Every structure is written in structure tokens, then in C-alpha cells.
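Protein chains in written order, with this note's numbering: chain A, 67 to 312; chain B, 67 to 312; chain C, 67 to 312; chain D, 67 to 312.
Since the hints were made in silico from the structure, they are not lab data.
Since no wrong hints were added, every one of them can be taken at face value.
Repeated chains share a single entry, so a pair holds when one copy, or any two copies, can fit it.
Capping the alpha-carbon separation at 30 Å, the derived lysine-lysine pairs in DSBU-like fashion look like this:
{"no.": "1", "residue 1": "Lys290", "residue 2": "Lys157"}
{"no.": "2", "residue 1": "Lys290", "residue 2": "Lys178"}
{"no.": "3", "residue 1": "Lys301", "residue 2": "Lys157"}
{"no.": "4", "residue 1": "Lys178", "residue 2": "Lys157"}
{"no.": "5", "residue 1": "Lys175", "residue 2": "Lys157"}
All values derive from a computational prediction rather than experimental measurement.
Number of protein chains: 4
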Amino acid sequence: MTFPPIRVTVWNEYRHERNDECCRSIYPEGIHGAIANALRPHPDLLVRTATLDEAESGLDAETLAQTDVLTIWGHIAHNEVSEEAAERVCKRVLEGMGLIVLHSGHDSKIFKRLMGTSCSLRWRDPEDRERIWNLAPNHPITQGIGDYIELPLHEMYGERFDIPAPDELIFVSWFSGGEVFRSGCTWQRGNGKIFYFSPGHETCPIYHHPQIQRVILNAVRWAKPCGYPPATFGKVPAPESLTPNS
Amino acid sequence: MTFPPIRVTVWNEYRHERNDECCRSIYPEGIHGAIANALRPHPDLLVRTATLDEAESGLDAETLAQTDVLTIWGHIAHNEVSEEAAERVCKRVLEGMGLIVLHSGHDSKIFKRLMGTSCSLRWRDPEDRERIWNLAPNHPITQGIGDYIELPLHEMYGERFDIPAPDELIFVSWFSGGEVFRSGCTWQRGNGKIFYFSPGHETCPIYHHPQIQRVILNAVRWAKPCGYPPATFGKVPAPESLTPNS
Amino acid sequence: MTFPPIRVTVWNEYRHERNDECCRSIYPEGIHGAIANALRPHPDLLVRTATLDEAESGLDAETLAQTDVLTIWGHIAHNEVSEEAAERVCKRVLEGMGLIVLHSGHDSKIFKRLMGTSCSLRWRDPEDRERIWNLAPNHPITQGIGDYIELPLHEMYGERFDIPAPDELIFVSWFSGGEVFRSGCTWQRGNGKIFYFSPGHETCPIYHHPQIQRVILNAVRWAKPCGYPPATFGKVPAPESLTPNS
Amino acid sequence: MTFPPIRVTVWNEYRHERNDECCRSIYPEGIHGAIANALRPHPDLLVRTATLDEAESGLDAETLAQTDVLTIWGHIAHNEVSEEAAERVCKRVLEGMGLIVLHSGHDSKIFKRLMGTSCSLRWRDPEDRERIWNLAPNHPITQGIGDYIELPLHEMYGERFDIPAPDELIFVSWFSGGEVFRSGCTWQRGNGKIFYFSPGHETCPIYHHPQIQRVILNAVRWAKPCGYPPATFGKVPAPESLTPNS
Numbered sequence: 067m068t069f070p071p072i073r074v075t076v077w078n079e080y081r082h083e084r085n086d087e088c089c090r091s092i093y094p095e096g097i098h099g100a101i102a103n104a105l106r107p108h109p110d111l112l113v114r115t116a117t118l119d120e121a122e123s124g125l126d127a128e129t130l131a132q133t134d135v136l137t138i139w140g141h142i143a144h145n146e147v148s149e150e151a152a153e154r155v156c157k158r159v160l161e162g163m164g165l166i167v168l169h170s171g172h173d174s175k176i177f178k179r180l181m182g183t184s185c186s187l188r189w190r191d192p193e194d195r196e197r198i199w200n201l202a203p204n205h206p207i208t209q210g211i212g213d214y215i216e217l218p219l220h221e222m223y224g225e226r227f228d229i230p231a232p233d234e235l236i237f238v239s240w241f242s243g244g245e246v247f248r249s250g251c252t253w254q255r256g257n258g259k260i261f262y263f264s265p266g267h268e269t270c271p272i273y274h275h276p277q278i279q280r281v282i283l284n285a286v287r288w289a290k291p292c293g294y295p296p297a298t299f300g301k302v303p304a305p306e307s308l309t310p311n312s
Numbered sequence: 067m068t069f070p071p072i073r074v075t076v077w078n079e080y081r082h083e084r085n086d087e088c089c090r091s092i093y094p095e096g097i098h099g100a101i102a103n104a105l106r107p108h109p110d111l112l113v114r115t116a117t118l119d120e121a122e123s124g125l126d127a128e129t130l131a132q133t134d135v136l137t138i139w140g141h142i143a144h145n146e147v148s149e150e151a152a153e154r155v156c157k158r159v160l161e162g163m164g165l166i167v168l169h170s171g172h173d174s175k176i177f178k179r180l181m182g183t184s185c186s187l188r189w190r191d192p193e194d195r196e197r198i199w200n201l202a203p204n205h206p207i208t209q210g211i212g213d214y215i216e217l218p219l220h221e222m223y224g225e226r227f228d229i230p231a232p233d234e235l236i237f238v239s240w241f242s243g244g245e246v247f248r249s250g251c252t253w254q255r256g257n258g259k260i261f262y263f264s265p266g267h268e269t270c271p272i273y274h275h276p277q278i279q280r281v282i283l284n285a286v287r288w289a290k291p292c293g294y295p296p297a298t299f300g301k302v303p304a305p306e307s308l309t310p311n312s
Numbered sequence: 067m068t069f070p071p072i073r074v075t076v077w078n079e080y081r082h083e084r085n086d087e088c089c090r091s092i093y094p095e096g097i098h099g100a101i102a103n104a105l106r107p108h109p110d111l112l113v114r115t116a117t118l119d120e121a122e123s124g125l126d127a128e129t130l131a132q133t134d135v136l137t138i139w140g141h142i143a144h145n146e147v148s149e150e151a152a153e154r155v156c157k158r159v160l161e162g163m164g165l166i167v168l169h170s171g172h173d174s175k176i177f178k179r180l181m182g183t184s185c186s187l188r189w190r191d192p193e194d195r196e197r198i199w200n201l202a203p204n205h206p207i208t209q210g211i212g213d214y215i216e217l218p219l220h221e222m223y224g225e226r227f228d229i230p231a232p233d234e235l236i237f238v239s240w241f242s243g244g245e246v247f248r249s250g251c252t253w254q255r256g257n258g259k260i261f262y263f264s265p266g267h268e269t270c271p272i273y274h275h276p277q278i279q280r281v282i283l284n285a286v287r288w289a290k291p292c293g294y295p296p297a298t299f300g301k302v303p304a305p306e307s308l309t310p311n312s
Numbered sequence: 067m068t069f070p071p072i073r074v075t076v077w078n079e080y081r082h083e084r085n086d087e088c089c090r091s092i093y094p095e096g097i098h099g100a101i102a103n104a105l106r107p108h109p110d111l112l113v114r115t116a117t118l119d120e121a122e123s124g125l126d127a128e129t130l131a132q133t134d135v136l137t138i139w140g141h142i143a144h145n146e147v148s149e150e151a152a153e154r155v156c157k158r159v160l161e162g163m164g165l166i167v168l169h170s171g172h173d174s175k176i177f178k179r180l181m182g183t184s185c186s187l188r189w190r191d192p193e194d195r196e197r198i199w200n201l202a203p204n205h206p207i208t209q210g211i212g213d214y215i216e217l218p219l220h221e222m223y224g225e226r227f228d229i230p231a232p233d234e235l236i237f238v239s240w241f242s243g244g245e246v247f248r249s250g251c252t253w254q255r256g257n258g259k260i261f262y263f264s265p266g267h268e269t270c271p272i273y274h275h276p277q278i279q280r281v282i283l284n285a286v287r288w289a290k291p292c293g294y295p296p297a298t299f300g301k302v303p304a305p306e307s308l309t310p311n312s
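Just need the whole structure built from these sequences, with the hints factored in.
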């Protein structure tokens, strides 16, 4: 059996990398570049990138119509994503597009709208060691990941994380400063699969880490639409007969 | 131990009852009146009503601040609930206010915003018998309800119902026309408890049914806030020491 | 990419088919034969059958060691499955073997042990029409299944079904006699995926129905192990240092 | 309204306290004594204790019939709990008795049978600081508990913890040695509510800690049966008529 490739759009705010020397030195091609470069060698994926400062926040209808799985990273410019673009993305997710929300994307319009909660959390500038524990060793998203991923220095994201109870809890992070965090969570919304994955502060080389890249790759494959038409809704007629037949 | 009463606000769109003779004859005091009258005899509740055509859609900040549990019914005027009112309600739910969403309230701004999905479903005008099966006999919401509630004639609401997977599935309805429906579902969002309960077409005397009243009463008690302060979020300092003490 | 085939063992009690003329006429090769014949044309599967009256209840260690996904059907002889065989199957599921439990298998030692509950339900001899509603149109198990599967005559299985809350609720059945039933449910236990699917009374030609066969095929593919080693448990040393590195 | 008291049985293996000087000095009245003493001042509870070396493992039918909520602690003698006693407890839980499983009770016959999994975990002798993070600030079990409970020295219990996905994840623990653990989890099985709470190594004064006592008190109140008769199962007749009535 051969399958058509999964069409992945790697979307990035792309501001830190242009304005901050430290971030640029880590991600000279942008965070989107690093993620896309990690995905491109895989022949089952067809990868493109998009950024906030493109037309229609980089999330125009045509791009979305040709996207099976969207990954998003944003931080300081969530409010500059247009209402229309955020709404389009949410609608596409309900239709079946997969969505991978990375790091500070927890505070994006898109994620908050799909979750219905504030998605707030606690945080501390990068001064912690983080261990991302694998709680779901049989899940497609953790394939090839061992017991945990260790990040020697990262921003702390800690509980309470104001999200709906995840459908599946994949990762829980430990921080040397004393906090824990539900760092990998899945939800289904409409026909779309959503994965939130917390690593990825802009001044740490997180997206160059092979295990982080592997999780994102796994998540993209997991989140691809099954290809079913969306359910139909609305008024339906009564049936002619429901008498059992022997 | 004595407890302060649960402050309940019964909110209703209150249009059908004023414009439709059939509906008015069933609910001369409005749907809100019927629900409030069923709740008022219980001394642990303090019941008030509010309707769409009051100031600020009947959902002003002061009313909400003094509401522990809000019940909502709406159908033909969802769009007339102001954005601000819908937003205020959602914010209060995340802070801890309980929310009971009744029948066609599935399509309200408030419910759709908290769920993050379309909340669409299939339906048919009242020509079905409905049996609301109790799947959670040990849940506070089903206290005093037996195996099922039978409605001899009701509007059909059928799957697929486009909601997030409920935290708890309380009722599943059977319809004589061949459909099933997740008719009683709970979710937690932020600090707030949410219960969706599907019975209540405006031309059927559903809210006069003692078992339906009992479910709403149970749900109000279940949904009351625990009274905790909302979680705090934001930047936190690193701890001084986390060395174990023996 | 090519994958090794999924090794499927179709296990059947195989008593009704030998003792009951009606059942034999429907399943001349046994229920296991019908299911296996439906799976065999698919080149990604390697299918064998096993039955209760074989050595070690047909569930010996070697068979299980070479099984990726096991389907089980039993009804009148649950107690004749040896304790050791039941225990072996449960252990293999926790290690990662997929398990599909069919119809009256709800009352098997294996299923009850994995669930921890009585798995009791209500039932009525075949005199109902059944509609198996698809509540999870985006799930791998419902691929190619439309809104529902209709069985013109089947045994009624009704709520309350005494199971743990499913991880995923895939199907809910409607019966013409007025009942509903959670007829398709998934759970993860240890590293193993479990799917319960209720259709399949022995005197109805359920396993010849193309959509039922499709669900079982989908479920087998869904339940296959990811191939990870089981998690390790026990005493672990303290780490040398957990100081962050900059 | 007044309610009958909740009848609580605090069951303990009660071996360490008799054989180990360190443990005895911390718990001169046994772990059960410490827990019972913490619960007794509350007038809504009626508290008794039971231990393994009493007749029928301390879990005879009459005791269980008069128990609304059972708490269990065991460690080195799980196998000495009789099969019959374990089976009786599980049956009573399915009927509606609440069950609080403490610490090394994760490896008890009772808990493993109700969960259906190995309930294995990773551990390390007491040399860690533990922070038990409250992930469910609106849950009855966390009432009066702030963001976390801190234990200056405790045995480490770490993931992977081989349990079914909890219905509700209440606490996640952080350990100074680098691990995380789902330390407070709820499940419903049959009509019974189950809470697992991991603190309580026998050589640490955990059950003298006011917040730990508060969690156990809250859990007992949460786990009390609703008082409904268990659901009935078995063969049911077809209805006379299901035609809608207008």
C-alpha cells in the first residue's frame, strides 16, 4: 500500500529570530526552519513553512485547505494573528486537520479557542533542568522515545495549567526548581486531533534536539486526518419502518 | 454544619413563550418560571431568574458575581446575546461558577465557546418517544432517578453531537425514530463545572416533569463552586533550596 | 516502508456451532472460521484460529507469544477456560498484545479480569432491530463505516453495562425495544489496547455482515502493538546530579 | 438536613509497626491508629480499625457490610490477605463501598484486581524531597489544600506507574531525585469510588502531616456511597409499546 504524503505546514511567529541576536544565533533559519528541516527528510511528509508576517497572517484559506497537519509556534505577537485567521484554523481543525501546538503557543488565540479555557500556567526564565517523562510508552507519539527526554536548561512551565482534562496524558515534565507540568497532551476536537507539546523556549536549542524532533515527527503522523468527510448535521427525516426483520 | 445557600440564576431567552401560543400555554410564566418554581422549594437554594431582554442580556457583571450556578435556555436568539455577556459568563465559569446548559442551549455562544467545537447535532420535530437512560447510577446528578426517564413525545436530538469527549457520560437517550444521543454530559473547564442536559423543547411540557426537575436540582447542587480561590498563574521565583531534610 | 504482518489469532469457544443446528447452519466453519475468512484476504495480516477444546484452552504460551492481536468469542463455557490460560492472556495484553473482545465475551474471565468489574449487562433474545451508531467518525476503528450499522435482527444488550468508563466511546447501539448500549469501547491496559464490540449472537449471521467485518479488521490494525519493550519497574538509583547546565 | 454518619474502616497490615523499632516509634498505635485518630474528631464519620492478623484478614463480611468507606495500607504481607477477603472487598466496592488505597497498597491484591493491571512502579528508599502538586484545585479531595504538599523526606515512587488512565488526575508528585508520579488518582468501578494516594512510607511520619490527613478526610467524604441500590442486570422483557404519545 502507498499513501499520499502528509502535507505539513510549519507556522511560526518569526519575530524573536529577527529581533534577538541570541535567538537568531540558535535559529538562523527561524524556529520554523529548524522544525521543517527536521521533518523534510521523511518521504511520507510534504513540508512547507508559513509565518505571521505573510499575507493573512500566513494562514490563508488556500494554505489551510492544502494542509493535513499544522504546527504552530508563537509568543509575543499572539494578538497580531487576525481573528479571521484564527477562526479559519479552528474551523479546519474541526473538519479534521491535525494541529500541533508548541511551547508558548499555549497562549495563542487558536489554542485557547479550541480549548475553551485560559490555558494559563506558571513559568520561570530558563534556569531549570527539565525531564520530560514518557507516561504513554505505547502511544504513537512516544515511539522511539525512552523513559524521558532530558533538557539541561529550559524555561520552567508549571502547574496549574488551565486546560481541559486531556484525552490522553503523554508527557509530564519535572523541573529542577520543584515544579511539574503536563507537557504532552492530546485532545480530539470535531474531527481534528490536537497535540500540545511544551518544549521550545526561543533562546534554547530545543528544536535541534533529536528526541524533540522525533516527538514532533511522531505527532505529525499521529495527527493526520483519517480522510473521512466531516459528519453531517441538521434536520433529518423519520425512518419509514424500524420493525425487526427475522 | 450549615452552609450558605447556593445562589442560582435561571436564565432564559424568553421569546417563544411570548410569541407562540402553544409554548405560552405550557409555560405561562416562561421556561425560566417553570424551572425556578421547581427549584425554589429547596431551602439550600436561593433562586432568581433573568432573561435575554433585560439589560446586558440579563447577564450583567453584578448578577454573575452573585451567582453560584447559572442555568441557560435559548433557541432562536443566540446571536442577540451580546459578545460581552457571553464572554462574562465564560470567564465566571472558569473562575468556578457552575453552568447548566439546557436543550437548544447547545447552540449558544456560551456553550460553544466553552467547548471549542461546533456543538452541532441532528434533530427532528417532536414526533418521537424518548428514553433517557441513566448510565451513571452512582453520580450525584442521577440521585433519585431510576433506570431511565421516559418522555412520551419530544424533539429528537441525535448523534453525531460535535462536543469534546465528556468528562463523564451521565445519560444516553433513545428515540423511537432510531437515534441515540449523549443527552447528559459533564465537563470541568477552569474551576467551573458544566452539565449539558438535552431535554426541553419549548412546545413539550418537559420542565414540568418531576424527574427532569430532579435532574436539574441534582445538577445545581453538583455544580456549585467549592469556594476555592482560582489558581494563580504567571511568573514564579525559583525556590531557595530543595535539598531533602532527614 | 514495509511492515511485518500483524499476527492475528482468532479464538472461539466453538461449542454452539457443534451442538446447535441453527448456529451450525450459519457458521459451518465456526464463528472463528467466519471471522478468520474475513481477515485472511488482507496481506498485512497473518491469521490463525484457536478454540477452547484444544490443548491449554487453545491459549498456550507459544501461541500467545506469536500473537500480536487476539480476538475472543465465548458464551456458555467461560468457566472451562483454565485459570492459567486466562492469566496468560491478561499478562500478554499488559505486555502489549492487542485484544478484541466480541459479544458474549463480555462475561469471559479474561475481560472481567482486565476490567476489574462485573461486566454485567441486560439482554433479551433476538427480537430487536439494532442500529450501531458511530460516535467517533475520525477513529481508525470506524474507517469506512458510515453513520451507523443496521442489524435487522439481533439480541439486545442494554445498559447498564458495568464496565470502567471507556477511554474512547466508539459505538452506541439503539434497539427497537427501547434500550441503548455502549457497543464499541476502547481501553488501554498496560501496553495493550483492548476493544470491546458487542455484535455477534450465535444464531444471527452477524460475522458475515461486511460492515461488522470491516470494524473487526479496523480494530485489529488499531490494536497491534507498537513494538516497544514493556516499561521496566522496580528499584532505581538516585541520579548523580540534576544541576542545570547552561 | 442531617445525614447518617459515614462508616469508615481503616484497615492496616500492621506488621512493620510491630517488628521495626523505627516504624513503631513513629506510629506507636500503628498506621491505622494514626489515620483513625485523624478522622475521629469529625462528627460526620464513624471510625473503626481492622488489621490483617484479625480473623478473615480483618475483612470479614459483617465488617464490610457495615463499611461505607474502607482505607487500606499494606506492604510486606499482601499475599497473606486471603483470596476470599480480597474478593469480598472488590465485590463490596462494585456495590458502592468507597475505597482509599494508600501508598504501598498499590501492590495489594485488592487494588490490582480492581485495576486489572500490574500497578507496578519505580521506587527508591527515602532520600528524596517530595512535592505533591494539586492539579485539581476544584475537586472535593483537594479542599483546603493549597498548590502543593511538601514532604521533606520520603520514599520516591516514580513513573511509569502501570495503572489504567485515571478518571481524574488529582495530584502529581515531584521528587528531588528527578522523577514524577501520578500520586493522587480516582476511578469509579461499578458503583464504588476509588482513590489512590501514594504518600505514606512506614518510616516517615507522613500520616501525622495535617495536609495528608486533610486529603484522606476529604477523600473519605468524596468516596461515600450515594446510597443507591446497585443496578440490576440480566434478562429483561420487551416493552409493550414504544409508540410516541402526543
